[in-house]
Amino acid sequence: MTPHVSADAEIVVVDVAVIGAGPGGIAAATCAAERGQRVVVVDRGLNAGGQIWRHVSGGHIPRVAERWIARFDRSGAKWIGGASVVDAHCAASGFVLLVDASARAISIQASSIILATGARELFIPFEGWTLPGVMGIGGAQALLKSGASFAGKRVVIAGSGPLMLPVAAAMSRAGARLVLVAEQASRSAVVRFAATLWKTPSILAQAAQYRVRFLSASYSTGTWVSAAHGFGRLDSVTVTDGRRARRELADFLCTGYGLVPNVELARLLGCDTREGAIVVDARQRTTVARVLAVGEATGIGGAPLAITEGEIAGMTVGRESNLPPALARRRAVLKTAARRMLDAFAPRVELRSLPKAHTIVCRCEDVSYEAVRDAACARQAKLYTRAGMGPCQGRTCMPGLEFLLAWQPDTVRSPLEPTPVSVLSSDVAESGTPTYSINTSAGEACQ
Amino acid sequence: MAHAAVRSEVNITVNDKLVRVTAGTTVASALLNLGISSFRHSVSGEPRAPLCGMGVCFECRVTIDSRAHQRSCLVPVAEGMKVVTASDA
Chain A
1 MTPHVSADAE
11 IVVVDVAVIG
21 AGPGGIAAAT
31 CAAERGQRVV
41 VVDRGLNAGG
51 QIWRHVSGGH
61 IPRVAERWIA
71 RFDRSGAKWI
81 GGASVVDAHC
91 AASGFVLLVD
101 ASARAISIQA
111 SSIILATGAR
121 ELFIPFEGWT
131 LPGVMGIGGA
141 QALLKSGASF
151 AGKRVVIAGS
161 GPLMLPVAAA
171 MSRAGARLVL
181 VAEQASRSAV
191 VRFAATLWKT
201 PSILAQAAQY
211 RVRFLSASYS
221 TGTWVSAAHG
231 FGRLDSVTVT
241 DGRRARRELA
251 DFLCTGYGLV
261 PNVELARLLG
271 CDTREGAIVV
281 DARQRTTVAR
291 VLAVGEATGI
301 GGAPLAITEG
311 EIAGMTVGRE
321 SNLPPALARR
331 RAVLKTAARR
341 MLDAFAPRVE
351 LRSLPKAHTI
361 VCRCEDVSYE
371 AVRDAACARQ
381 AKLYTRAGMG
391 PCQGRTCMPG
401 LEFLLAWQPD
411 TVRSPLEPTP
421 VSVLSSDVAE
431 SGTPTYSINT
441 SAGEACQ
Chain B
448 MAHAAVRSEV
458 NITVNDKLVR
468 VTAGTTVASA
478 LLNLGISSFR
488 HSVSGEPRAP
498 LCGMGVCFEC
508 RVTIDSRAHQ
518 RSCLVPVAEG
528 MKVVTASDA
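Protein chains in written order, with this note's numbering: chain A, 1 to 447; chain B, 448 to 536.
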């Protein structure tokens, strides 16, 4: 069935709106559409695939991605790329989503929502991290995949988590001079984690392959970057193991301490979160009726888990009464592996002393650490210093500040990101119920 | 990827200078490849460049075809495109 699209394509009426087109969103949309549901998928990217399956048109993607994207293309699900959901509320007829599609407003009316909003990187601020040349580890991967050349450049990769390995491999394949790969987790934590990987041999084989590719670079555990230096752009970094510090020349520093689930839209809809992730049951249902969630947004677990959860969510909205037992089993095994990974790569306590008094923590508003560190909570810091009030709406600084200062996440408001007036003032935006009050009642209304 | 066929190029203007860049790349990647390190100036005047690479951090904002504050990591290059960054000077 094709979704109903109004003549001027500004109002889309569907059974299921899937937000995010990474592995989880694609699997969910495909499985729902294959069961006769009218499905629309909204994603910020121009091509389906999300970050992990990101590719330029005609570029190389893994075979599993190729298979899922081909199946998604055949499923009949409608695709809205280059677009962000900026507001959501529950009306009598179901959910209403306001979408900013390159300054054009689209209103989606859907009976159910599947959140597949993925994750972003966790940044912990340190002296010099705002210098050009300092980028995320996932950020570097995204830039590589979108055509950036690092050939001949001195690259330091420092942070935490399994994402460092494929990025190091990709950098060395792209001709970068890999100076150092520094993992903050201790050697014993990494070894213990690696020892559990025999339960998922595919991951082990992949890791071994990556290691071979960047043998020339030194891989250190229990090591992190404490400062970045340069005038106008990065020229070197200070590397430390907590006892001895040394300087390394670097054109680029790729840094990040794992991933943070994107839960803003879920919280706007009133879904409960726990430890920063959307709470879901065995059928991927959130605490708000007819809102489901899959993948990294429900807890960092990787693409295979996201696909599994997407299949389950697609079957749930497709009214499949019984889940195949194999699917539930796979979900359980992958969730256990994910838990082990999070424990092994948890950021060490020494990282709490990385930012100095004058270190900028909020990059949008240039707010220093000393300006916010005595605030009682995120809300107070926002009101007094504008930290977290810039264009990224705190997505970059707040997770780091929550780690540094043990803050709880602040409430979420619409619009979820900077939105052109043309979208906010469009007919479709104004025809809905009022959207620019604090949207705390959405959840209750939909119970 | 390493064995990609002949890549086509497009002409874009960066800070009034005509340059040829690889088709299919994003504006952010094209600017990095041109050696541009300062994409924008922060509110206190610091130079800034891409951080997240995926449209979250807003650090890579540039002016594209007269539209200010475009996230260059989300926009693919296109023939005739005019890009203005913060000046390095």
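Hints were generated in silico from the structure; no laboratory data involved.
Computed from a prediction, not measured in an experiment: that's the story for all the values here.
Mixed in with the good hints there might be a few duds.
When the alpha-carbon atoms are kept at most 30 Å apart in a straight line, the in silico BS3-like pairs for lysine-lysine are as follows [to be verified]:
#, chain 1, residue 1, chain 2, residue 2
1, B, 529, A, 382
2, B, 464, B, 529
3, A, 356, B, 529
4, A, 382, A, 153
5, A, 382, A, 356
FRET-style restraints, in silico, Cβ to Cβ [to be verified]:
#, chain 1, residue 1, chain 2, residue 2, range
6, A, 91, B, 516, 46 to 54 Å
7, A, 218, B, 525, 40 to 48 Å
8, A, 66, B, 525, 42 to 50 Å
9, A, 194, B, 460, 44 to 52 Å
Every residue gets a Cβ at the ideal spot worked out from N, C-alpha and C, and that includes glycine.
Hints, verified against the model:
1. Distance check on the hinted pair: residue 529/B and residue 382/A sit about 36 Å apart at the alpha-carbon level, beyond 30 Å; violated.
2. For the suggested pair residue 464/B and residue 529/B, the alpha carbons sit about 9 Å apart, so the restraint of at most 30 Å is met.
3. Restraint check: the Cα-Cα separation between residue 356/A and residue 529/B comes to about 39 Å, which exceeds 30 Å; the hinted pair is violated.
4. Of the supplied pair hints, the one linking residue 382/A and residue 153/A is violated, its CA atoms being roughly 38 Å apart against a limit of 30 Å.
5. Distance check on the hinted pair: residue 382/A and residue 356/A sit about 20 Å apart at the alpha-carbon level, within 30 Å; holds.
6. With their beta carbons about 31 Å apart, residue 91/A and residue 516/B fall outside the hinted range of 46 to 54 Å.
7. A hinted range of 40 to 48 Å for the beta carbons of residue 218/A and residue 525/B is consistent with their spacing of about 41 Å.
8. Between residue 66/A and residue 525/B, the C-beta spacing of about 26 Å breaks the proposed range 42 to 50 Å.
9. Taking the beta carbon of each, residue 194/A and residue 460/B are about 50 Å apart, inside 44 to 52 Å as hinted.
The structure is inconsistent with the numbered hints 1, 3, 4, 6, 8, although it conforms to all the rest.
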